[in-house]
Structures are given as structure tokens and as C-alpha cells.
Amino acid sequence: MALWRNQKIRGWIYQLLVLLLVAFCIAVLANNTLENMRIRGIQSGFGFLWQPAGFDISESLFSFESTQSYWKAFLTGFGNTLRVAVLGIILTTLLGVLLGVGRFSRNVLIRGLCLTYVETFRNIPVLLQLLMWYLICVELLPDVMDAEPFLGMYLTKAGLALPWFGDMPVKAGFGINGGITVSPEFLALLLGLTLYTASYIAEIVRSGIASVPRGQHEAAMALGLSRAQTMRLIQLPQALRVIIPPLTNQYLNLTKNSSLAVAVGYPDLVSIANTSINQTGRAVECIALIMLIYLSLSLLTSVLMNAYNRHAAIKER
Amino acid sequence: MLQTQDTLAWIRTNLFSTWFNSGITLALGALLLYTVPQAWGWAISHAVWGADVEQCNAARGTGACWGVVAEKYRPIIFGRYPFEEQWRPLLATLLLMALLLASCMRVFWCKWLGALWVVVLAAFFILMHGGLLGLALVETGLWGGLPLTILLASLSVVGAFPLAVLLALGRVSELPVFKTLCTVYVELIRGVPLISVLFMASFLFPLFMPEGFSIDVLLRVLVAMVLFAAAYLSEVIRGGLQAIPRGQYEAAASLGLTYWQMQRKIILPQALATVVPGIMNNFISTFKDTSLVTIVSLYELTGSLDLAVNSQPDWMPYKLEGYLFIAAIYFVFCFSLSRYSQWVEQQVNRGKVH
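Residue numbers (the numbering used here), protein chains in the order written: chain A, 1 to 317; chain B, 1001 to 1354.
Everything labelled a hint here was simulated from the structure, so no lab data went into it.
Hints are not guaranteed to be accurate.
As the list claims (entries may be wrong) - In silico PhoX-like links for lysine-lysine, alpha-carbon gap of 20 Å or less:
#, chain 1, residue 1, chain 2, residue 2
1, B, Lys1265, A, Lys157
2, A, Lys171, A, Lys157
3, A, Lys8, B, Lys1179
4, B, Lys1319, B, Lys1111
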């Protein structure tokens, strides 16, 4: 038999050819990029990260000044991304689970409201929702001057002022002193991401609960558990096995969607990178940084996810 | 008589089954009775429908100003496309939508549907771009609004499909090089936000090209959307491939079919049929994702609204109404697509032997 008739050998030849093709494409692209950068006089390398950034960041967990270096700016942006993502994940989980469980309510009004919510928020692009919330936050909320306190909080065009460990926000002249203030950008982003993702989580929770065999529900009722107890003690724990993997996916989606912050002017990782590209022209490095950071977040999550899946798998005899 | 009893029984089980339930019904009912008339008043009865700024200003706070839509609907829907030529995107979009609708119907699922796609897409480009048949030339930079949204969404999915099939086959392949390459690609793309891929398209693609060779922004963004959608679509298709029982592969191999014959005639038709709902969902996400191209300055529906309203300060306070208008457009498209996908799911399940 001729050598090229052997399936195994042919397989290796094809693989070698594809590998060469991919390597060739990468080489051509890299060569073009270097050539173009040389012609346009674009400098390369990550050295710029240690230069002073020269721009301010409107809000951050730790104070940032424009004299500090680029890598600190990126770190601040990353902190802002994490801040909105973590808060969003907590809030969206609560809302999503409530909406998903609500679909099984015996009250037709609750069922109808949950369904309407899910269908509405799922079918409108998240960017549009963010822009709408931002518009509402900066245009339709009252001015600071006319603000009335609600449970000790002030919700105005300047954002949301919250009491913080006994430090109550007080209106003083043109501003609000005391407490902690959340910017309208942050508020719009958090609201938009939370409400949008909750509609997906609601569907995941609903189908998870629906996947638990009916007999479980009937058996629990036969034992005399109330409907709420049945849901909490019997149905939800079993549904978790089905719910958790797509739920993590939604958490990742929320984190990735937080990059839309650039559209409402919240200084997250991507907006900082965008500003840095415009100032330094180092597009390759900045985009590589964004991708690397998001990629490591996703990989970290999937590693944790796999560990959980092994732990939660049904132990069969 | 029987009917009223049924209605009463339905009301009792669904609204007043327990004291707790009755309480919820009353509370929610009161809330709805309070909010729905208010919303109705703002959106319908106190709203201003004509394109009259003064009336709008007078009704501010009590009623919506749909006048902004009445005044600006053409720049919102068609973007910056030259005003006199806007019948062209209208016709082109209607053609493309008719094609999409036809592709959704069973009667048209036959061999020449592919050819029809080529013809209609060619007609779309000739109509939009012009420079032929006496039509004035309109650069792609001026394309915008709904035509651009529909074009980007449908071309991304159509373009992503072949790539996604190859990626999915590569991922389940036994050859390590293919498997690794495809896995790395899919996980890489799925791990990063779309906006970073779009940034890549707008900042890096020009650097990738040989010197003196530039590609159009629309094409760059389209390529980015295709590359992005392909990664997600390939995971959907991989799910279908993994649902095919082993026996199908073995039977095909024992008939002496080659790899490609086996995939084309046995595996893919079955795998793709089971994942049609997943593919539809992918199309819906891509449709919504097109709104992001605004950020790299292509004015699709979301971007063209900003452009249309921001150009005249008089209408600026009524941007929310404009947003609600395009939200309704997005909703109609996505909602009907998701209903269609549910119908397809039923069709697919009906054919299965349980």
C-alpha cells in the first residue's frame, strides 16, 4: 500500500499543512503590522505603562491622579470593572432567581409580570438599555437643589447619595455632603446590566426548576411541606445542578458587557484603554492588555466551574 | 352558565387560592391600577403626536412627545443616507427582509434558496451602493439605520455559518492539531467582549493590511462580527454534533464513506437540524450585538438616533421617546424571531421518535 493511502499518515500530513498555513498567515500579518508601524512612526512595546498617564479618572476605589503611571490607570480601570461586575452579579442573581421562581407562582398576576419582564428586557439590546438608563439618570432625575431625601438617600442628577455607617448625606448649598455618593454613570451601568442579565437568569432558573422531575414536587407536597418549603428545600437545590453552569456563563456575560461602560462614560478597563490608545497610539498593546485580562477572568471562572461541576455531579452507586 | 362557573373557578385558583395569594393579588392589582393609567396617560392620552416643538414643550412632564419620531423618523431609520435616495435602502431592506422571511418558511426550503440569497444580496449591494444602472454612488460610510442593522446581522450569521461548521468539526476531530487550533480560537473569542474585537477591527485591521491597501470600515466591522459570531455559533453546532449517536458514525464508516461524505450526507444534516433553535438564538444575539458598532462609528439604528436627535437642540429633551421608538423596533424583530425559534423547536421535536 502506498504511503499516502494510509489514513494516519494522511492525517499528519494535513495537520502539518494547516499548521504551516496558520504560521504563514500569522507571519504575514505580523510583518505587515511591523512594516505599517514603522512607516507611520508608531512606537511599540509596553514601556509606556511606566510613563505618567496625564488624564484624570472621574471615579475610582483608590484615588488616582493624572501624574501617576499608565499601569496604575489600567489597574484603576480594572478595579472599576470589578466593582460594577461584583455588585451587578449579586443584584442580578437575587432579581433573576425571584423572577424565575415567580414563573411557578399560583398567582396569575405574578406569573404574567415575570413573563412580561423577561420578554421585554431580553429583546432589547443591552447597549440601548444602558443609554436609556443613563439618559434617565442625567436628564430626568431632579436637580440637587430640588432633591428630597428618601429613606435618608438622595437620588439626583449628581447620582445617588447613600448613608454610610451612620454618616448621613445632607444637602448643603449646591451639593450633598456626607455619606457616599455613587455617580450617575455607575448607577446607569449597574442598573442596565443588572436588569438585562436578570431576564436571562430568570429563564435559566425557570428551566432548571422545570427539569426537576414532577414526582419530587408531589412527594414533597405529600409529606406536608408548604409550596414555599417545597421550592426552597426540594426543587431549588436539585435544580442548582442544572442552573449553575449556564449561570456562571451569565456572570461572565455581565462582566464582559460591563465593557459597554465606554458608551456612558464610566471609567472601566475598556474606557481607560480607549483613552490610552488615543493618547499614545499603542493600539496593539492596549487591546492585547484588555483581551488578556478578560481572558484570564474567563479562564479562572471556567476552572472554578469545572471544579464545582465535579463536586456537584450526581454520585452514582 | 357553565362558562361563568369556569371563569369563577379560574379566578379562584389563579388569584384567590389562599389568604396570602389574595393579599398579593390585591396589592399587585392596586399597583397596576395606579401605574398603568399613569403610563397610558404619559404615552397615549397626554402625548403629542405631531412634529410640533412648542406643543411638546407645553406637554413636558405630563405627556410623551412622539413628535420627535414624526419629525425625525427618516434620519432615524435610514441614518445619513442621502434624503432623496432613501427609497433605495427602503427597497433593499424590504428585499432582504422578504428573503429572510422566505428562508424561515418551509415551502421555500429547497436547493435554489442559496442561489436566491446570492441574487438578493447582489441586488441589495447594487441598490445601496449605486454607481451602476444610473444610480448615484453612495459610499458605505453613509449607510446607516435599520438597513445597516439588518445587513450586519444577517451577513454576520450567514458568513459565520461555514466557519462555525469547520470550527465545530475541528473541535470534535481526533487530530490533535485541528482540535487544539479550533479550541484555542473559540475559547479566545468567547473569553473577550465583542467591543475589544470591534476595537481590533477599527484600530488593528488597518495595520494588518499590506502597505497602501485599505479596507472599508463596514467590511472591517463585518469581518469582526463574523469572527465573533462564528465562535459562539460553533459551540451551538458542536452541541448538535455531540448529540449524534456513535452508531451513525460507525454505520457511515462501514459503508465505506470518506470523512467529508460522511459529514455531508449523514452527520451534519442530523446535527444541524437539532440545533436550528440554537442557531436562531445566535441570530437574535447577533441582531442585538449590532448596536455595538455605534461605538466604532458606524451609524446603525442606535447610532443614527443619536445623530438625528443631537443635530437639533430643540428635540434634544425628547431623546427618551426616540430611544423608546427604536427599542420597539428591536423588540418587534427579536420577539418575532424568538417566537419563530420556538415554532422550529416544536417542528424538530415532532420529527423525532421518542
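So which hints don't hold here, by number, going up?
-> As far as the earlier hints go, 1 and 4 are violated by this structure, in ascending order.
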